[in-house]
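Peer 1: Each chain is listed here by its residues.
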Amino acid sequence: MSAGGTEVHDHFDVTVGRNWNGSTFHGRAPNGIYVVVGRLVSNGVRPSAPMAFVFNVRASETAHEAAVEFFHDRPAVGVFAVDTPSQLAFGVGQILEVTYRFSDPVSVRGTPRLPLTIGGTRRFATFSRSASSAEELVFTYRFRAGDRGTVRPIGNRLTIQLPAGSGIRGSAGGSVFRAFAVTWPQVRTEAG
Amino acid sequence: MLQLEVLQGVTFWNGRGSTPRFAPVRRGVELNFNRDAEDV
Chain R
0 MSAGGTEVHD HFDVTVGRNW NGSTFHGRAP NGIYVVVGRL VSNGVRPSAP
50 MAFVFNVRAS ETAHEAAVEF FHDRPAVGVF AVDTPSQLAF GVGQILEVTY
100 RFSDPVSVRG TPRLPLTIGG TRRFATFSRS ASSAEELVFT YRFRAGDRGT
150 VRPIGNRLTI QLPAGSGIRG SAGGSVFRAF AVTWPQVRTE AG
Chain A
0 MLQLEVLQGV TFWNGRGSTP RFAPVRRGVE LNFNRDAEDV
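So the protein sequences, as listed, match chains R and A. Per numbering that gives the first Met the number 0, residue 0 is the first one in the first sequence, and the count goes up by one each step. Per numbering that gives the first Met the number 0, residue 0 is the first one in the second sequence, and the count goes up by one each step.
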């Protein structure tokens with residue numbers, strides 16, 4: 000396979016079963032098709048696009064082929080990079096911008112948002128349709144009077160939230176994975 | 000070292016019917032990934 004232009008080779012052995020005790024399974028998995036969606040990551044290499052790993056446990060070859068085609072036609076979409084702010088100090092009216100770069104085009108409904116804390120107070124950077132493109136979603140927050148302190152994401156993974164009426168789908172209908180672990184810079188504001 | 004980052008846990012379809020219908024697995028079913036006999 001190729002990840003970010005770098006060709007890599009690896010293999011995994013997979014066992015499917017029931018009641019894993021840490022060293023072995025104690026039951027057989029029901030017959031059918033099993034799928035895990037994941038991506039390959041390695042230090043210094045851009046993460047791969049999400050991949051569906053399809054496993055056939057005593058199901059028909061027809062079902063297996065239908066499942067492979069199902070995920071091929073609706074590829075999952077993941078984030079491969081997040082651009083965090085390069086500016087480290089903000090004043091009233093200034094705008095913080097975060098850009099999500101997706102592995103494939105996505106379509107957006109409503110107003111997704113990005114939860115942040117500013118001096119311990121919950122705030123949201125909101126989706127900017129005008130600044131975004133199919134593969135890059137831009138979220139902005141305009142600092143207002145009273146914002147004071149350190150600006151950081153909630154937790155160590157930046158995850159796009161979907162308020163009621165909002166959604167993000169792959170252009171072919173595939174799932175979109177919206178979380179990404181980032182190294183967040185030491186951003187502060189002394190607005191107002 | 001290449002790592003597998005799971006984005007969505009195991010889903011299952013019983014293989015019946017013409018259209019795949021996947022749902023999260025139940026009843027203790029798991030997939031165990033190994034590389035060279037080591038858990039991934």
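It is possible that part of the hints are untrue.
Examples of chain R residues lying across from chain A (beta carbon under 7 Å, computed) [to be verified]:
1) G37
2) V56
3) S59
4) A66
5) V67
With beta-carbon atoms standing in for the labels, derived distance ranges [what the hints assert, rightly or not]:
6) A:E29 - R:Q86: 37 to 47 Å
7) R:N18 - A:R15: 38 to 48 Å
8) A:R34 - R:R121: 35 to 45 Å
9) A:V5 - R:A133: 40 to 50 Å
10) A:R34 - R:S106: 51 to 61 Å
11) R:Q93 - A:R34: 44 to 54 Å
12) R:R17 - A:T18: 39 to 49 Å
13) A:R15 - R:T83: 20 to 30 Å
14) R:A48 - A:N13: 21 to 31 Å
15) A:E29 - R:A88: 22 to 32 Å
16) R:G92 - A:E29: 51 to 61 Å
These are computed hints drawn from the structure, not numbers from a lab. Built from N, CA and C at the ideal position, the CB exists for glycine as well.
Peer 1: Hint by hint, say whether it matches the structure.
Peer 2: Okay, the hints, checked on the actual structure:
Satisfaction of the interface hint for R:G37 is found here, the shortest Cβ-Cβ separation to chain A being roughly 5 Å, below the 7 Å cut-off. This hint is violated: R:V56 has a C-beta 9 Å from the nearest C-beta of chain A, more than the 7 Å allowed. The restraint placing R:S59 at the interface with chain A holds, with a minimum CB-CB distance near 6 Å, inside the 7 Å limit. Because the smallest distance between the Cβ of R:A66 and any Cβ of chain A comes to about 5 Å, under 7 Å, the interface hint for this residue holds.
Nearest Cβ of chain A to the Cβ of R:V67: about 9 Å, over the 7 Å cut. The hint is violated. The hint said 37 to 47 Å for the Cβ distance between A:E29 and R:Q86, and at roughly 45 Å that hint holds. Checked against the hint of 38 to 48 Å, the pair R:N18 and A:R15 fails, with Cβ atoms roughly 24 Å apart. Range check, A:R34 to R:R121: Cβ separation about 41 Å, and the 35 to 45 Å hint holds.
Separated by about 26 Å at the C-beta atoms, A:V5 and R:A133 break the suggested range of 40 to 50 Å. At roughly 36 Å, the beta carbons of A:R34 and R:S106 sit outside the given window of 51 to 61 Å. In this structure, R:Q93 and A:R34 meet the distance hint of 44 to 54 Å, their C-beta atoms being roughly 48 Å apart. For R:R17 and A:T18, the Cβ-Cβ distance of about 26 Å falls outside the hinted range of 39 to 49 Å, so the restraint is violated.
Between A:R15 and R:T83 the Cβ separation comes to about 47 Å, which falls outside the hinted range of 20 to 30 Å. For the hinted restraint 21 to 31 Å between R:A48 and A:N13, the CB-CB distance of approximately 28 Å keeps it satisfied. With their beta carbons about 48 Å apart, A:E29 and R:A88 fall outside the hinted range of 22 to 32 Å. The beta-carbon spacing between R:G92 and A:E29, approximately 52 Å, falls within the hinted interval of 51 to 61 Å.
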